[in-house]
Amino acid sequence: MKPSTPRTAVRRCRRYVPKRNLARELAKTVVDVLEVAQAHQKQTRALECLVSTESRFVLANDVTAIAPLVGHLENNLTRMRLCDETGLIQVAVALREALVNAVFHGNLEVSSDLLSTDPSAYDALVDERRNRSPYRDRRVYVTARETRTEATYVITDEGPGFDPTHLPDPLDPANLEKPSGRGLMLIRTLMDEVIHNERGNQITMVKRHDSEPKGDDTIA
Amino acid sequence: MQTSTKIDDHKGCIMLSGNFTFESHREFKQATTAALEVPGLTELEMDFSAVDYMDSAALGMLLLLNERANGRKVTLLNCRGVVKAVLEIANFGKIFEIK
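Here the protein sequences come in this chain order: D and P. Residue 201 in numbering that gives the first Met the number 0 is what sits at position 202 of the first sequence, and the numbering runs on without skipping anything. Residue 14 in numbering that gives the first Met the number 0 is what sits at position 15 of the second sequence, and the numbering runs on without skipping anything.
No false leads were slipped in.
Derived, one-sided and incomplete: chain P residues facing chain D with beta-carbon distance under 7 Å:
no., residue
1, Leu62
2, Leu63
3, Ala89
4, Asn90
According to the in silico footprint, chain P covers these stretches of chain D (three or more CB under 8 Å from chain P):
no., stretch
5, 88-99
6, 102-116
7, 173-179
8, 183-189
Facing chain D, a subset of chain P residues (Cβ under 10 Å, in silico):
no., residue
9, Phe21
10, Ala56
11, Lys93
Read the hints as simulated data drawn from the structure, not as lab findings. Where is the CB? At the ideal position from N, CA and C, for every residue including glycine.
Bound-form chain D, shown alone:
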């Protein structure tokens, strides 16, 4: 909502208050609208002073939770004015890829090769593992830290982990037409720094202010 002066508030309220009740309800409605607008302005002022945030999330293996979480983290980034629209999209794509990897490849231990060769078997295996121990009890842990200069996302699953050094390079001409293995390539290209832990069940992704993606990739 744009800042409201008493005059603009009256103009707005006249649109919504029925004419027959104008005399009785206009004043009260104007006060209500001004209060809401002032609260919004105060919040905006307070958020201008915000210099860092840290939030933690725990996700079950529910893919429908991914988009709302990514949207929430995008809002945090917008508040920090860390990157432009393109940067926001880059972070959103990387987050989504990392979260999908954590749920399907990490916790449920389902290979993307199966999605390529037999999508029905892939769906059946996902459904079955979502309801079977130990897969169903596993969670994805997300820590997001945003400052004015960088955002760091740590995503941990409870699967056995993988060795990121043994993934084929999808840009190698020999692998260009292989249908899987591109999620990490996207993450590495879109984020400024990507670190995997030794076990291979945790990825840390960093996006820095006003920087071009470098595709740096290391193992802790």
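Mind docking chain P on chain D? Use the hints.
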């Protein structure tokens, strides 16, 4: 994601709309299989004008489509925003004609 298909003589065009992600594989496979079964089809266009987002699994689906096309030309049309960026990062210009 939703699809709609037009076949015009030897050319087919599949219009995709919504988010093209790993959850789209069933719809994508049905639409592309039906189009590739049309006798005499020599070219298949995939129209991305109504696609807002695509992920790495969608890249895999496009590669499998190219394999199933078995020499028939597959063209990616009207790619923009995230779709265009993802295709560029994956170097798909070397495999598909992207317009």
